[in-house]
Structure formats: C-alpha cells, structure tokens
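Participant: Sequences and hints are given; from them, build the entire structure.
Those sequence lines, one after another, are chains A and B.
For the first sequence, the working numbering gives the first residue as 6, with consecutive numbering after it.
For the second sequence, the working numbering gives the first residue as 18, with consecutive numbering after it.
It is possible that some hints are incorrect.
[As the list claims (entries may be wrong)] Pairs of lysine to aspartate or glutamate residues, derived as DMTMM-like cross-links and limited to a Cα-Cα distance of at most 25 Å, are as follows: (1) K113/B - E70/B; (2) K47/B - E71/B; (3) K47/B - E92/B; (4) K56/A - E121/B; (5) K69/B - E92/B; (6) K113/B - E68/B; (7) K75/A - E46/A; (8) K75/A - D23/A; (9) K113/B - D88/A; (10) K30/B - E92/B; (11) K75/A - E121/B; (12) K113/B - E92/B; (13) K41/A - D88/A; (14) K41/A - E59/A; (15) K41/A - E121/B; (16) K69/B - D79/B; (17) K47/B - E46/A; (18) K41/A - E20/A; (19) K47/B - E70/B; (20) K113/B - E46/A; (21) K30/B - E59/A.
If you are wondering where the hints come from, they were derived from the structure by calculation, not from laboratory data.
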Amino acid sequence: GQQLNQSPQSMFIQEGEDVSMNCTSSSIFNTWLWYKQEPGEGPVLLIALYKAGELTSNGRLTAQFGITRKDSFLNISASIPSDVGIYFCAGPSNTGNQFYFGTGTSLTVIP
Amino acid sequence: DAGVTQSPTHLIKTRGQHVTLRCSPISGHKSVSWYQQVLGQGPQFIFQYYEKEERGRGNFPDRFSARQFPNYSSELNVNALLLGDSALYLCASSLKVFRTRDYEQFFGPGTRLTVL
Chain A
6 GQQLNQSPQS MFIQEGEDVS MNCTSSSIFN TWLWYKQEPG EGPVLLIALY
56 KAGELTSNGR LTAQFGITRK DSFLNISASI PSDVGIYFCA GPSNTGNQFY
106 FGTGTSLTVI P
Chain B
18 DAGVTQSPTH LIKTRGQHVT LRCSPISGHK SVSWYQQVLG QGPQFIFQYY
68 EKEERGRGNF PDRFSARQFP NYSSELNVNA LLLGDSALYL CASSLKVFRT
118 RDYEQFFGPG TRLTVL
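Facilitator: If you want it as structure tokens, here you go:
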C-alpha cells in the first residue's frame, strides 16, 4: 500500500514559535487532509486540500497541497499549549476504496 | 447531537479468542470506517461500509470482518486473536464514501483492545 512519511517525527518548541511539518508520499494523491489527535481521542480534521498548489488556512494553521501531488505541508503560527498533540497527514487512494494516514508528527509546546 | 460512539471503551482478551467491537455513527451518516492504531503509529484502514455494503478493505487478514446494520451502526469482528492485534480500534462516520467530497470523517474515541 501507499506510505505517507511525515517529518519531523517529533518537535519540542517554545510557546509562540512557528511550526512547520511535512508529509511525502511515494504515489500521487488527489486529496490531502491534516488531522490532529490528542491523547484518548480520535483524530480531528483540521484542513482539507483538493487541488495541487492549493494553500488553505484555518486560523493559525496553514496547509499546502504540493504541486507534484506527492507532498503536503502544515504550518502552525504562534504556537500555544493547546496545540500539543500528534498531527497526521492523510488521504484517500485514487480509487477511493482505501484511506491512508501518515506516520505522524508529535508536537510538544513548552510554556 | 451525539458524536460517534464506540463500545466497549476497553477490552482484555487472550490469544485465540474472538472479539466484537461496536460503533454508532453520527445521526444521518451512512458510512462507517474502521481503523487499527498501534501505539506510536498512525491509524491503519481496515474497512469502509456504506449503506450496508463493503466499499473498501485494507490490508488485513480474513480474521477481520465487519458488517453494517440497517440503522447504519457497525460491528468489527476479529477472530483467533493474536498478541499483535493489541491496539486502539477507531471507528469513523461520514455522510458518504471516500470518492466524494462529503466524506469528512468524524472519529469516535476508540476501543482499546489488549490481547494477552
């Protein structure tokens, strides 16, 4: 199956700093999604991207759909303690009968 | 409105046993998907059901099976449990299947299965 690799694997940052993470695939994706998962909960959708080159914001979060369609990026500006969690990229297969999650980036924000 | 609910919350089984996990989707959602999340990894897709029919299947052995009922709730069954089946099992509901734009998935809190 398709592999979605995320980097970095983990991040420890000071409150107020900006965060950047990315996700790469060995295959083309037509949709990129970014989720956040907190302990004891299921993933929650943050941003959805549907077109190559698309840049979409949701508050302090901005995500981009790479023009090669094999990567995506998520930026968080002015991080706050509640940003702590694991961030996953994800997307459906081109046939629409599979769904893939990335390996995850764990974010810790130090007050 | 209630979100996606899953039962039980936690479960302990021994190798070789069988387990049934249950999921109730958000009212009005006709699609349910199941995922296995091993500690420290991203969720792995197991099944998607829509209108009681299987619409997608991940790379899992035949020991894993599922079904969807007329009220759109779903069960995931795992036979002949192995130690490696220990994981958080997540259920997600959506209006439609992955091929459409209305497939935003809403996840339940999961069932934590421990196999001893």
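Participant: Tell me the hint numbers this structure goes against, listed in increasing order.
Facilitator: 7, 9 and 21
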